[in-house]
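A.B. asks: Sequence:
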Amino acid sequence: MGVIEKEKVDPMQKLKAFVVGIVLLALLQPSGSNQSQNTQGIGSGTTYCVAWGDYDNDSDLDLAVGNWGDNYLYTNNGDGTFTEQQQFGTANTNSVAWGDYDNDSDLDLAVGNHFGVNYLYTNNGDGTFSERQEFGSGDTWSVAWGDYDNDSDLDLAVGMWGDNYLYTNNGDSTFTEQQQFGSGETFEVAWGDYDNDSDLDLAVGNYYASNQLYVNNGDGTFIKRQEFGARYTRSLAWADYDRDGDLDLAVGNSVENVLYVNNGDNTFSEQLKFGISDTWCVRWGDWNNDAYPDLAVGNDVAAEPGKESYIYLNNQDSTFDPMLIGDDHIYSVAWGDYDNDFDSDLAVGVTGQNFIFENRNLMFDMIDQLFDTNTFFVAGDNAYCTDVLGSAKIAFGLARGGTSENHEGRTDIILTDTEHSTGNLIPVGGPAINPVADEFSAAFTITYSYTEDVSFEIHCEGNTLYLDLTQYPGEDICIVYLGQHGPRTVLLVWGYGWRGTYAGSVYIGNPSQWTGHHLAMLRWTDSNSDSLVQEGEIVMEVLV
Numbered sequence: 001m002g003v004i005e006k007e008k009v010d011p012m013q014k015l016k017a018f019v020v021g022i023v024l025l026a027l028l029q030p031s032g033s034n035q036s037q038n039t040q041g042i043g044s045g046t047t048y049c050v051a052w053g054d055y056d057n058d059s060d061l062d063l064a065v066g067n068w069g070d071n072y073l074y075t076n077n078g079d080g081t082f083t084e085q086q087q088f089g090t091a092n093t094n095s096v097a098w099g100d101y102d103n104d105s106d107l108d109l110a111v112g113n114h115f116g117v118n119y120l121y122t123n124n125g126d127g128t129f130s131e132r133q134e135f136g137s138g139d140t141w142s143v144a145w146g147d148y149d150n151d152s153d154l155d156l157a158v159g160m161w162g163d164n165y166l167y168t169n170n171g172d173s174t175f176t177e178q179q180q181f182g183s184g185e186t187f188e189v190a191w192g193d194y195d196n197d198s199d200l201d202l203a204v205g206n207y208y209a210s211n212q213l214y215v216n217n218g219d220g221t222f223i224k225r226q227e228f229g230a231r232y233t234r235s236l237a238w239a240d241y242d243r244d245g246d247l248d249l250a251v252g253n254s255v256e257n258v259l260y261v262n263n264g265d266n267t268f269s270e271q272l273k274f275g276i277s278d279t280w281c282v283r284w285g286d287w288n289n290d291a292y293p294d295l296a297v298g299n300d301v302a303a304e305p306g307k308e309s310y311i312y313l314n315n316q317d318s319t320f321d322p323m324l325i326g327d328d329h330i331y332s333v334a335w336g337d338y339d340n341d342f343d344s345d346l347a348v349g350v351t352g353q354n355f356i357f358e359n360r361n362l363m364f365d366m367i368d369q370l371f372d373t374n375t376f377f378v379a380g381d382n383a384y385c386t387d388v389l390g391s392a393k394i395a396f397g398l399a400r401g402g403t404s405e406n407h408e409g410r411t412d413i414i415l416t417d418t419e420h421s422t423g424n425l426i427p428v429g430g431p432a433i434n435p436v437a438d439e440f441s442a443a444f445t446i447t448y449s450y451t452e453d454v455s456f457e458i459h460c461e462g463n464t465l466y467l468d469l470t471q472y473p474g475e476d477i478c479i480v481y482l483g484q485h486g487p488r489t490v491l492l493v494w495g496y497g498w499r500g501t502y503a504g505s506v507y508i509g510n511p512s513q514w515t516g517h518h519l520a521m522l523r524w525t526d527s528n529s530d531s532l533v534q535e536g537e538i539v540m541e542v543l544v
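First residue of the sequence shown? That's 1 in the working numbering, and the numbers climb one at a time after it.
The hints are simulated quantities; they were obtained by calculation from the structure and are not laboratory data.
These numbers were taken from a predicted model, which means no experiment stands behind them.
One or more of the hints may lead you astray.
[Claimed, not checked] Here are the computed distance ranges between Cβ atoms for each label pair:
1. 224 with 196: 13 to 21 angstroms
2. 255 with 84: 33 to 41 angstroms
3. 449 with 340: 37 to 45 angstroms
4. 315 with 193: 22 to 30 angstroms
5. 124 with 266: 18 to 26 angstroms
6. 340 with 124: 24 to 32 angstroms
The beta-carbon is built from N, C-alpha and C at its ideal position, and this holds for glycine as well.
Use the sequences and the hints to build the structure in full.
C.D. replies: Take a look at the structure:
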């Protein structure tokens with residue numbers, strides 16, 4: 001991480017406006033550069049299945065990892081790390097699925113194996129599991145829990161490279177086995193109420209045969225329909241991607257991947273979406289917290305060179321934008337907020353080192369973290385300024401590649417009049433004698449009082465934030481406010497300190513997760529007295 005070096009500034013420089021630029025990666029760059037690969041603690045090997053679940057009821061997600069070899073449980077320590085336990089047997093495991101089959105308020109695990117016995121691991125409630133031979137044996141590729149008969153306990157569908165089975169839960173910790181859902185080369189089965197009749201139907205994805213939809217009649221029987229094509233299918237996932245009140249189906253194949261859009265009349269429209277690859281897994285999740293499902297697609301790039309894996313970000317208009325998640329042999333992905341920061345992360349199982357594709361979307365009360373790692377100052381002489389309600393927008397790019405003018409390895413915002421185009425950043429030069437641009441007051445009903453080097457008080461939305469500036473010698477102070485301007489949400493920024501005064505704004509769309517608090521004060525501290533502002537030295541001081 002680079003640093004921001006404190007310069008010796010002539011006192012007259014404090015009469016100049018300064019601009020702060022904030023990298024709002026999750027919101028301003030839909031290509032999704034707000035992520036990182038976290039490889040800590042979730043193992044390596046040939047991993048065909050990963051599944052999140054809070055097995056120990058401590059309010060954070062743990063991870064079951066099924067390998068061709070030893071299987072593992074990664075217990076979440078609540079601090080971003082995991083404790084590894086060898087659990088769930090040693091086999092060629094193709095599928096794992098959490099579910100509370102015995103209704104005792106803790107999660108149990110079904111494990112489906114390749115040419116071996118399938119198992120049920122019953123959670124004892126004390127961090128241990130009891131192994132039971134259940135769910136038959138054979139070449140199992142998929143296990144999926146669902147209460148198909150609406151009797152308030154979970155049943156299990158098992159997809160095999162042969163006869164498929166339904167295991168009906170008897171409510172007494174036993175199951176009744178039925179040969180159901182056809183006989184074929186089944187890679188995945190997925191429950192979903194596609195027809196909104198309050199019972200679960202089953203999609204069955206086959207490799208060498210046509211895919212099937214088994215429609216639940218509500219009396220313990222199913223009607224088979226040939227649906228969802230025949231394209232060497234390996235993965236299926238239901239979600240209401242268009243938010244029209246019915247479930248659609250993503251189908252991952254070894255050729256074209258397909259989205260089957262539910263027409264609401266028991267028919268589907270086939271659309272080629274999600275690329276052409278050797279796809280092993282598709283899973284819906286909400287990467288950007290906009291309530292529209294996005295699709296993670298894991299591909300085997302060894303079989304299809306150049307076909308990397310992506311999250312397809314839902315544009316809410318029946319189109320998607322791809323965001324790269326890796327170029328490994330990705331066989332399994334699972335969505336889950338493992339770090340409890342209110343956004344979905346992605347566990348990725350590969351041949352090699354498994355990893356977590358970590359989402360860095362931030363809530364407003366975590367905005368100090370955003371500033372801590374992504375804050376840039378530009379002197380007024382080098383910045384192009386307009387007012388907050390102006391029409392000029394700046395197309396800009398921020399990265400950590402560094403420039404020749406910026407040895408610390410991060411790219412500053414250098415705004416010039418040639419950068420006007422479409423974009424999201426509108427910097428505002430605050431009057432030197434007060435750190436609040438006058439336009440803010442008119443547009444957002446914000447009032448303030450300011451005595452240079454003494455105090456600053458701001459009022460908005462019935463809240464007041466008072467600063468005794470004498471308490472922060474040699475420090476930068478930044479105030480941020482999240483408000484609405486027309487159809488868009490705008491982040492207003494004011495600052496005061498050793499770099500002078502500045503004000504700025506960033507239009508950030510309408511992020512639904514930025515709710516609750518709207519006004520905060522941050523401090524740029526020099527905790528180690530080295531005359532540098534470094535990561536870890538920007539902290540939340542006041543939140544109202």
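A.B. asks: Range first: 18 to 26 angstroms. Now tell me if the beta carbons of residue 124 and residue 266 are that far apart.
C.D. replies: With a Cβ separation near 44 angstroms, residue 124 and residue 266 fall outside 18 to 26 angstroms, so the hint is violated.
A.B. asks: Look at the Cβ atoms of residue 224 and residue 196 and judge whether their distance stays inside 13 to 21 angstroms.
C.D. replies: 20 angstroms, holds
A.B. asks: Confirm or reject the claim that residue 255 and residue 84 have a C-beta distance inside 33 to 41 angstroms.
C.D. replies: Check passed, 37 angstroms falls within 33 to 41 angstroms.
A.B. asks: Quick one: are residue 315 and residue 193 within 22 to 30 angstroms, going by C-beta?
C.D. replies: 26 angstroms, holds
A.B. asks: Between residue 340 and residue 124, is the Cβ distance one that fits in 24 to 32 angstroms?
C.D. replies: 25 angstroms, holds
A.B. asks: Does the Cβ pair residue 449, residue 340 satisfy 37 to 45 angstroms?
C.D. replies: 39 angstroms, holds
In this structure, only the earlier hint numbered 5 is contradicted, and the remaining ones agree with it.
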